[in-house]
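Asks: The whole structure should be built from the sequences, with the hints applied where relevant.
Take 26 as the starting number for the sequence shown in this note's numbering and just add one per residue.
Calculated from the structure, these hints are not laboratory results. We treat Cβ as the ideally placed atom computed from N, Cα and C, and that holds for glycine. It is possible that part of the hints are untrue.
As the list claims (entries may be wrong) - Each computed BS3-like pair below joins lysine-lysine, with the alpha-carbon atoms no more than 25 Å apart:
(1) Lys-145 - Lys-222
(2) Lys-73 - Lys-222
(3) Lys-116 - Lys-42
(4) Lys-73 - Lys-42
Stated by the list, open to error - Okay, the calculated beta carbon distance ranges per label pair:
(5) Leu-159 - Arg-293: 30 to 36 Å
(6) Arg-45 - Val-152: 23 to 29 Å
(7) Trp-292 - Val-96: 39 to 45 Å
(8) Arg-293 - Asn-69: 49 to 55 Å
(9) Val-152 - Leu-56: 14 to 20 Å
(10) Asp-219 - Val-152: 50 to 56 Å
(11) Ile-63 - Val-110: 37 to 43 Å
(12) Glu-115 - Val-207: 22 to 28 Å
(13) Lys-145 - Met-236: 28 to 34 Å
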Amino acid sequence: MSLPFDSSHPAIRLALKHARLQAFTPMAVLLNVAAVVICAVVLNPSSKEVSDNFSTPFNPNPTALALYWLVTFVLLISYCLLLIVANKPEKQEMMVYGVGLCLVFVQCFMALNIVAFTLKFFIASLVFTSLSLLFLVWIHLSLYMYPPHHSRPVEFILIHTPIRLLIVVTFLQELPQLLFIVLGWTYHASKPDDHQKHAWQAVAFIVAFNMAGVLEVALRGDFVWAFAGTWIIIGQLIARPKPAPVFAADLIFTIVYPVLYVTLFVWRHLSGGGRIALPIDEEEAEISRARAAVAVRNGQSRQ
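Replies: What follows is the structure, given as structure tokens:
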């Protein structure tokens, strides 16, 4: 029995893929939210208690991290609403080929990660975190084909921003914390005198991971990464107890992120380089979109 429409037509294929995202993405986001709430409130010990029992220099201030996740989840839920109401082919194309099902996998991996962490399956948690980061980086690179612009702030706020927030918290917070736990470089919250152990290893991790973030800000003038990186580092900075070398390293990057971004912003503005957070002009953005659309259609015509 043949379908009442030509499923090989590019517009039809785009609509079908978009409809699939409309079904699966909200479910995956709600699954992740439910997993976080259950692990934080219902399970005993909770995710916070497990984190305290296996403390590392990367343990954040709970309030700072909770606010970060609240903002991220609000943006993700808003993205799901945008996904449902989007009717322009250009916006659907960005969601399908720029974000796609990768975000669904990320949310599922993150839900499995928090459950594994709370149940003290730390190696499994590290695997899920690593997979989440790989998929997030893939989305981030794919979105280079759909650059944001000041004339389309909704796309920047609801599509680009939550992806970058997820990358930053996964890369700067969850990954180094889990690596320390898996390596056994931990101490119990009831024995704060042990917090001096492995301080210099923590400094090395802080420098290595944050230099990648600084490079992203320096090369792309990424406001979201600068803001999110500062937030994460401040959350780690104000957590106590904190070894002096770790405190110093956190303090340095708390200053470096905003100072670097502001310096680049002023320099590019004075040199006529334009905006930083939304770095590509409208004409260049349209060219990139056209190239992406042609590439996608050519690929579909070969199938």
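Asks: Evaluate each hint against the coordinates.
Replies: Do the hints match the structure? See the list:
no., hint, result
1, Lys-145 - Lys-222, "holds, 22 Å"
2, Lys-73 - Lys-222, "holds, 21 Å"
3, Lys-116 - Lys-42, "holds, 13 Å"
4, Lys-73 - Lys-42, "violated, 38 Å"
5, Leu-159 - Arg-293: 30 to 36 Å, "holds, 31 Å"
6, Arg-45 - Val-152: 23 to 29 Å, "holds, 26 Å"
7, Trp-292 - Val-96: 39 to 45 Å, "violated, 29 Å"
8, Arg-293 - Asn-69: 49 to 55 Å, "holds, 52 Å"
9, Val-152 - Leu-56: 14 to 20 Å, "holds, 18 Å"
10, Asp-219 - Val-152: 50 to 56 Å, "violated, 27 Å"
11, Ile-63 - Val-110: 37 to 43 Å, "violated, 30 Å"
12, Glu-115 - Val-207: 22 to 28 Å, "violated, 43 Å"
13, Lys-145 - Met-236: 28 to 34 Å, "holds, 31 Å"
Consistency note: the structure conflicts with the earlier hints numbered 4, 7, 10, 11 and 12.
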